[in-house]
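J.: Protein chains in written order, with the working numbering: chain A, 1 to 166; chain B, 1 to 388; chain C, 1 to 381.
The set of hints was computed from the structure by calculation and includes no laboratory data. Cβ atoms here follow ideal geometry from the backbone N, Cα and C, with glycine treated the same way. Treat the hints with care, as some may be off.
Said to hold, decoys possible - DMTMM-like, lysine to aspartate or glutamate: derived pairs with alpha carbons at most 20 Å apart: (1) K16(B) - D45(B); (2) K46(C) - E49(A); (3) K137(A) - D42(C); (4) K47(A) - E28(C); (5) K51(C) - E138(A); (6) K47(A) - E234(C); (7) K33(A) - E28(C); (8) K46(C) - E234(C); (9) K47(A) - D42(C).
As the list claims (entries may be wrong) - Listing some non-contacts, in silico: residues in chain C with all C-beta distances to chain A over 10 Å: (10) I47; (11) A140; (12) P183; (13) D190; (14) G288.
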Amino acid sequence: MYGGVSEPVTMLATPIRIEYEFTAGLAQSRYLKGIAEGRFLGQRCPKCEKVYVPPRGSCPTDGVPTTDEVVLGNNGIVTTYCVVNVPFQGQSIEIPYICAQILLDGANIAFMGLIQEIPTAEIRMGMRVEAVWVDKKELGPTMASVKYFRPSGEPDAAYETFSEYL
Amino acid sequence: MAQRTAVIGVGQTYHKAKREDVSIAGLVREAAVRALEDAQMDWSDIDAVVIGKAPDMFEGVVMPELYLAPALGAVGKPMIRVHTAGSVGGSTALVAAHLVSSGTHERVLTVAFEKQSDSDAMWALSIPQPFSAPLLAGAGGYFAPIIRAYMRRSGAPDHIGILVAVKDRKQALKNPYAHLHIEDISFEMVRDSIMLWDPVRYLETCPSSDGAAAMVLASESVADSASASYPPAWIHGMAMRSEPTMFAGRDQVNPRAARECAADVYDQAGITEPRREIDVAEVYVPFSWYEPMWLESLGFAAEGEGWKLTDSGATALDGGDIPWNCSGGVLSTNPIGASGMLRFLEAAMQVRGQAGDHQVETVRRALGQAYGGGSQFFAMWVLGADKP
Amino acid sequence: MAAAGGGRPVRPVAVVSFAQSKMMRREELRNDVEVLQPVIVDVFEKIGLSKDDMGFVCSGSCDYLVGAPFSFVQALDAVGAWPPMRESHVEMDGAFALYEAWTQLQEDDIDTALVFSFGRSSISELGRVLTLQLDPYYMAPLWPDPVALAALQARALIDAGTYGEADFAEVAARSRRDARNNPNAQVTGDKTAQELLGDDYVVAPLRRHALPPITDGATAIILAAGDRARDLCERPAWITGMDHRIETHALGARDLTISPTTRRAAVGAGLLPGGGEGSGTGGVSDDGVSVDVAELHAPFAPQELILRDALGLGDAVVVNPSGGALAANGVMVAGLVRIGEAASRIMDATAQTALAHATSGPCLQQNLVCALAAEPAGGRR
Chain A
1 MYGGVSEPVT
11 MLATPIRIEY
21 EFTAGLAQSR
31 YLKGIAEGRF
41 LGQRCPKCEK
51 VYVPPRGSCP
61 TDGVPTTDEV
71 VLGNNGIVTT
81 YCVVNVPFQG
91 QSIEIPYICA
101 QILLDGANIA
111 FMGLIQEIPT
121 AEIRMGMRVE
131 AVWVDKKELG
141 PTMASVKYFR
151 PSGEPDAAYE
161 TFSEYL
Chain B
1 MAQRTAVIGV
11 GQTYHKAKRE
21 DVSIAGLVRE
31 AAVRALEDAQ
41 MDWSDIDAVV
51 IGKAPDMFEG
61 VVMPELYLAP
71 ALGAVGKPMI
81 RVHTAGSVGG
91 STALVAAHLV
101 SSGTHERVLT
111 VAFEKQSDSD
121 AMWALSIPQP
131 FSAPLLAGAG
141 GYFAPIIRAY
151 MRRSGAPDHI
161 GILVAVKDRK
171 QALKNPYAHL
181 HIEDISFEMV
191 RDSIMLWDPV
201 RYLETCPSSD
211 GAAAMVLASE
221 SVADSASASY
231 PPAWIHGMAM
241 RSEPTMFAGR
251 DQVNPRAARE
261 CAADVYDQAG
271 ITEPRREIDV
281 AEVYVPFSWY
291 EPMWLESLGF
301 AAEGEGWKLT
311 DSGATALDGG
321 DIPWNCSGGV
331 LSTNPIGASG
341 MLRFLEAAMQ
351 VRGQAGDHQV
361 ETVRRALGQA
371 YGGGSQFFAM
381 WVLGADKP
Chain C
1 MAAAGGGRPV
11 RPVAVVSFAQ
21 SKMMRREELR
31 NDVEVLQPVI
41 VDVFEKIGLS
51 KDDMGFVCSG
61 SCDYLVGAPF
71 SFVQALDAVG
81 AWPPMRESHV
91 EMDGAFALYE
101 AWTQLQEDDI
111 DTALVFSFGR
121 SSISELGRVL
131 TLQLDPYYMA
141 PLWPDPVALA
151 ALQARALIDA
161 GTYGEADFAE
171 VAARSRRDAR
181 NNPNAQVTGD
191 KTAQELLGDD
201 YVVAPLRRHA
211 LPPITDGATA
221 IILAAGDRAR
231 DLCERPAWIT
241 GMDHRIETHA
251 LGARDLTISP
261 TTRRAAVGAG
271 LLPGGGEGSG
281 TGGVSDDGVS
291 VDVAELHAPF
301 APQELILRDA
311 LGLGDAVVVN
321 PSGGALAANG
331 VMVAGLVRIG
341 EAASRIMDAT
351 AQTALAHATS
361 GPCLQQNLVC
371 ALAAEPAGGR
381 R
């Protein structure tokens with residue numbers, strides 16, 4: 001009926017593979033080198049003086065290079081969070097897991113991080129956390145060097161101290 | 001001085017999880033043909049085509065306007081493809097509107113679509129980038145912490161998100177084009193659905209849909225002499241604003257770009273009290289908690305009070321004085337590239353009186369709002385039954 | 001520019017500043033934002049303005065080129081979108097972003113606009129990326145890459161009897177020689193056409209010299225309207241008209257030896273009298289565009305010949321003094337650079353009138369023409 005084909009073709013699957021060589025860029029390279037040494041490096045914008053981590057090479061509000069390097073601590077505050085319970089392709093962490101915005105001491109912007117070593121029901125805004133790194137010999141210029149963050153045991157930060165970061 | 005511009009035809013597809021019955025060209029044509037029929041126009045009447053959609057990874061076709069030109073009657077005409085993340089459906093309509101208001105063209109066809117079942121939407125949204133931690137689980141993973149921050153800031157009770165989900169899903173039952181028609185939707189059903197990204201539940205989340213939307217925009221002289229089935233919906237105001245995704249001190253719950261965009265649109269339209277002066281709104285609410293958040297951001301409620309407006313039933317088609325998302329909204333239909341345009345289109349339908357079972361009585365002014373990215377790109381318009 | 005029946009006067013808008021990165025084969029150290037940022041700084045510094053002075057910002061880029069969805073979002077960091085700005089983006093060459101900005105400047109609520117585009121072709125398999133532009137059902141699965149398609153077009157041109165490989169080589173030789181005067185050009189050379197004909201074929205009948213380079217780069221332009229343009233720049237490059245048109249997609253349904261949409265766009269831009277489609281092959285039409293300089297976006301050498309014919313460019317027109325796309329071909333960038341280079345010839349007083357052309361899609365499927373002059377539109381429509 002269709003020239004030898006019994007049914008009309010309604011779907012065409014085309015595998016597509018493209019390889020990319022990503023460039024971390026100058027700012028992120030410095031940051032990753034710091035990670036490889038087991039520390040968080042931020043960059044301060046010369047105009048607004050805010051400290052960005054991870055540094056982005058350009059201050060998002062001023063459009064100027066952020067060049068002043070700032071060594072940040074290992075501890076910070078959970079400003080807000082969610083508990084991820086949805087499976088998806090490429091996921092490497094077991095659900096449910098806590099995804100939090102973490103404001104490192106000394107930084108002016110929070111970044112996304114994984115929280116472990118705490119039951120998901122106990123996570124709260126304002127909780128103080130500390131970074132858990134891989135073993136020293138496994139450290140490398142990759143975000144995988146930071147395994148996750150866990151409660152540091154310090155008392156929670158008062159809401160007023162971080163509410164402007166929400 | 002900008003020229004008067006009106007919507008004189010609208011069309012959309014029947015939105016579904018997978019439109020396996022059409023190719024990408026077939027999908028956009030379905031919406032475009034309906035819009036042309038509604039405008040009582042032919043392909044040859046159109047001067048230019050403006051198409052918009054979200055990342056090309058959703059279909060695996062790079063710059064699809066090239067492939068779609070013949071399908072949309074654009075051969076020999078100007079054609080532009082807009083991409084502004086989730087707000088793209090809205091900004092596409094605005095780019096098209098400016099082609100008319102600037103006097104460049106008189107009749108512009110604008111189309112927005114996504115056939116995201118062709119690829120993998122979750123993958124397309126968060127393609128793993130080297131050097132970053134593979135943490136995010138879709139858009140919900142990004143917005144849920146912001147929602148939690150709103151809940152904390154406003155002191156809103158937990159059930160507000162559920163109310164919005166029930167309302168929008170009930171209203172979708174009156175929209176034959178909507179993707180999700182959950183006949184027995186109830187408060188309990190939403191409350192008991194699985195928590196995806198605490199505090200956001202499965203039924204408080206938008207679906208992934210295949211679909212397209214289209215409109216015909218025209219100049220005043222064309223609109224005045226058009227023989228379309230319904231009267232024109234006149235643009236009283238339109239605006240776009242963007243701000244960075246992340247910066248120190250950013251208010252992610254109520255972004256300044258959102259407030260300034262609304263202020264600009266209201267200023268153009270001469271609106272000072274949105275709740276009183278706007279009769280119906282179609283607002284981009286992909287996670288139910290965004291209704292109370294946008295109610296505040298768009299000036300329908302004071303800061304911290306948006307949830308009270310929702311709680312009171314004011315935003316329901318049934319009995320509310322400021323119905324929001326009578327079409328079922330993004331919660332019921334979400335082809336990402338088209339969702340913004342569907343908000344703009346549904347606002348036009350309300351003004352023109354063609355919204356059928358989900359029509360609000362006596363609409364003189366309607367608001368359409370779209371947002372995208374990390375709550376950073378905003379596109380809005382106010383339409384009116386009278387000329388501005 | 002002709003509003004179909006609009007009859008509304010065109011508000012004079014000009015290019016007042018243009019900046020570009022040094023086009024390179026491969027940017028090793030910096031990412032897209034870091035390549036773009038100095039270009040943005042430069043385009044502002046030239047006229048003493050900042051982002052806060054811009055009424056509208058519009059950019060062009062391609063996610064698949066960058067390898068990430070929403071890639072234009074990060075690029076905004078190079079500008080600093082704060083306070084919130086009126087901003088938009090097209091997933092097209094920056095030339096089309098400039099068109100969008102130009103149309104919006106026709107309304108008098110804004111006086112200035114920043115337009116930019118960027119892309120690093122070196123990071124991906126560019127041929128595969130561009131092949132994905134093709135019809136996903138019938139063409140893309142055959143994986144014909146852009147060089148192969150351009151070769152088909154070149155073969156059609158040869159078979160039509162109008163041009164041969166020697167002509168392609170002449171275009172390439174001239175372009176790369178002229179590129180020596182362009183400090184931002186990537187590929188320069190001093191070989192003659194005869195010497196170039198000794199190159200091996202890459203895909204016959206195209207030899208290496210007829211192909212564009214792989215380029216990493218970024219560019220930016222500032223537009224200003226009316227008196228604002230006169231305040232900012234001594235010799236603004238006024239846009240006297242601009243138009244763009246797209247052809248059908250299936251290559252078999254097109255005559256690849258002509259570019260009717262380039263001609264149609266030139267008509268729309270007021271550079272040619274209205275009516276009539278392409279001039280066909282075999283010679284210059286009586287109706288030819290008369291400008292001092294033409295910057296044509298022809299990534300493949302044979303395409304320059306097709307475009308010259310479509311526009312009816314006589315020998316007096318200086319074509320691609322910058323070296324054109326054969327000297328640097330930033331995908332998403334080269335079209336906007338053509339506008340910048342043409343505008344620069346007006347701004348530096350080497351030309352009174354100029355034309356810039358940009359293309360998109362396989363074998364010149366979509367074409368934009370921008371008419372520029374040292375005086376705002378007075379003459380043609």
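J.: Name the hints, by number, that the structure is in violation of.
T.: 1, 2, 3, 4, 5, 6 and 11
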